[in-house]
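Once you've looked at the hints, dock chain B against the given chain A.
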Amino acid sequence: MSANRIMVIDDEKIVGDMAKLSLEQEGYAVETFLSAEPALERLKEEKFDVVVTDLKMKGIDGMEVLRIVKKLYPETKVIMITAFANLDAAIEALRGDVHDFFPKPVKIKELKASIQRALN
Amino acid sequence: MKIENKIILSNAFNIGLILLIGFFAMQNLNLMLTKLRFVEIADDLNASFLEMRLSEKNYFLYNDESALLDLKEKIDSTMKSVDVVGKDISRAIGQENLDEMKSHLDQYSRMVDVVKTSGRGDMQIEAKFRTKGKNLREFSNTITRLERKGVNDIIAKSKNILLFSFLAIVATAVIVSHFISQRILRSLRQIQRLAKSISQGNFNKIEGVAPADEFGSVITAINSMSEELRNREEELIQSKKLASLGILTAGVAHELTNPLNNISMIAQNYQEFYDVLSEGNRLELMKKIEGETERIEEIVRNLLDFSRPKEAKLEERGINETVRKALELMQNTLDISNIEVKLSLAADLPHVRIDDHQVQQVLVNLIVNAVHAMAPGGRLSVATGQGEGGDTVKIDVSDNGKGIPAEFIPHIFDPFFSTKGVGGTGLGLSVSYGIIKNHKGTIKVESTVGEGTTFTIEFPVYNKDRDEKVQMKFRDNVDQ
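Chains as they are written, first to last, in the numbering used here: chain A, 34 to 153; chain B, 114 to 593.
The set of hints was computed from the structure by calculation and includes no laboratory data. For glycine and all other residues, C-beta sits at the position ideal for the given N, C-alpha and C. Among the clues, some could well be false.
Some chain A residues close to chain B (C-beta under 10 Å, calculated; not the full set) [unchecked claim]:
1. 47
2. 65
3. 100
4. 114
5. 117
6. 118
7. 137
8. 140
9. 142
Derived DMTMM-like pairs (lysine to aspartate or glutamate); straight-line CA-CA distance at most 20 Å [unchecked claim]:
10. 46/A / 403/B
11. 91/A / 520/B
12. 77/A / 59/A
13. 142/A / 266/B
14. 401/B / 44/A
15. 46/A / 388/B
16. 103/A / 70/A
17. 400/B / 70/A
Chain A on its own, in the form it takes in the complex (with noise of 0.2 Å):
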């Protein structure tokens, strides 16, 4: 059985090498990216069964890939970070069926059990 694919997005590079260093550990593949536009077309050659996204970002915003990763690939997950929370933006994210919604600082462990949440 192949490794589970991870996709993180966010325009801070530390929280994509931290969070690939982390996931690798547990086993799995992780490719991360700085905006949305080039994940988007990443998406396109491949299947992920779990996308992390930042919030606020230049150009996409998070809430914007949530939309089109559900319309596209419904059966990926959506887990959305952000450094900006607020309910507002908490409920939008659960009506676009998200999987799971963290604020900045994230707590790898948490995020860690989401994802195994997310891939049972």
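What follows is chain B alone, placed relative to chain A:
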């Protein structure tokens, strides 16, 4: 005095003048009528006197005895009529002349009696008689002539008085209305100037004591309106500050959360994988943490600069030195980015009153922005010169970079507005704006996408006398 009262007063003055002239004209007219009445009477008298002399002549030349009786009768009737109109005559020629005329008549009458008793032949009496008659007639003629002349004089005098009075009235009317209209126009001009400056956002006052007329009330009203507007503007600025504090808080939260999250994630992984990480990996992670703390430090520092602008140490100095120092600070950055610098500093610029360090900070900030906006090989030009009108000194910082889209321009001085994404804090320009505003200067931007951006800073020229006065006034206010 109120303008209304002034107008009433000047009208009253003119009416008084007209009444006075009327009074004098009336008096002259009455005098003239009296004189004319006398001339009329005198004509009658002269006719009587002429007849008397004719009777006298008839008596002596033609020995006509009845002539003497006629003469006596004429003298009596003349004396009677002189008594009847005596008042009119006395008014015209004076009691003295009237008495003299009466005495001439009386003497003549007595001579008639003398001649009657002595009869003809006494040459001496005859001569005396004729002299008396002649005197009477001559006196009467003289008085009549004088009175005619008097009438003419009065007419001429009246004409002159009327002419001069007319000129006086016209002159007063013109001068008074000129002064009043000047006063009104001056006040209107003051009010117009103030209204214009208020409409331009300068809530000034009309200095000096307001005149005690209707315009005084208007000026007082406008002054208090202007003060009210100024207070409102200050309130508005304060509320804008509060609003930007809101933006600030949200911005700070967002800005700080990202580096905090980075540090947190690094720290979590560091603990989790401590054993598997090589020493090199560990050092690398710690360096990353250090980098993130520097990011936080910069945000906090900029934030402090923004929220609590340090008391500027304003000194009188030339602007060129400050520009040169700022460029020296940036020289390495400019060299690395391969930016060509074109510096043109105007000579003999008037001094300004600035905090050297703060203005350098602003310039460094603008130059950093310019470098970020340009590709390597771009051109930065920095120029100093006098502003339009000559009461400001300006610095232009121009680049030929990508430019700022028009929709961003209204926001570039807002705190946390940034087009640089992760790289910028969005505080630089708003801090710069605060610094320039503290210097009573202005900072403006002009930009065309694809062609470049020019920031223009202007400082008011330092005017020692004026600024010291303002400071003294300020100190006085503090002392009170």
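Hints, one by one, checked against the model:
1. The beta carbon of residue 47/A is positioned within 10 Å of a beta carbon in chain B (closest approach about 4 Å), and the interface hint is therefore held.
2. The interface hint given for residue 65/A is violated, since its Cβ lies 13 Å from the closest Cβ of chain B, which is over the 10 Å cut-off.
3. Because the beta carbon of residue 100/A sits about 22 Å from the nearest beta carbon in chain B, more than 10 Å, this interface hint is broken.
4. The beta carbon of residue 114/A is positioned within 10 Å of a beta carbon in chain B (closest approach about 8 Å), and the interface hint is therefore held.
5. With 10 Å as the threshold, the beta carbon of residue 117/A comes within range of chain B, its nearest partner Cβ sitting at about 5 Å, so the hint holds.
6. Proximity of residue 118/A to chain B holds as hinted, the smallest CB-CB distance being about 8 Å (cut-off 10 Å).
7. The interface hint given for residue 137/A holds, since its Cβ lies 4 Å from the closest Cβ of chain B, which is under the 10 Å cut-off.
8. At its closest, the beta carbon of residue 140/A sits 7 Å from a beta carbon of chain B; the interface hint therefore holds under the 10 Å criterion.
9. Proximity of residue 142/A to chain B holds as hinted, the smallest CB-CB distance being about 8 Å (cut-off 10 Å).
10. Taking the CA atoms of residue 46/A and residue 403/B, the gap is about 15 Å. The hint holds against a cut of 20 Å.
11. Among the hinted pairs, residue 91/A with residue 520/B is consistent with the structure: their alpha-carbon atoms are about 16 Å apart, no more than 20 Å.
12. Note on residue 77/A and residue 59/A: the hinted pairing is violated, with a Cα-Cα distance of about 25 Å set against a maximum of 20 Å.
13. Of the supplied pair hints, the one linking residue 142/A and residue 266/B is violated, its CA atoms being roughly 130 Å apart against a limit of 20 Å.
14. Between the alpha carbons of residue 401/B and residue 44/A the distance comes to roughly 16 Å, so the proposed pair stays at or under 20 Å and holds.
15. A threshold of 20 Å between alpha carbons decides the hint, and for residue 46/A with residue 388/B the separation of about 24 Å lies outside it, so the pair is violated.
16. A hinted pair counts as satisfied when its Cα atoms are at most 20 Å apart, and residue 103/A with residue 70/A qualifies at roughly 16 Å.
17. For the hint pairing residue 400/B with residue 70/A, the CA-to-CA distance comes to about 30 Å; that exceeds 20 Å, so the pair is violated.
The structure fails to meet hints 2, 3, 12, 13, 15, 17 from the earlier list, while all remaining hints are met.
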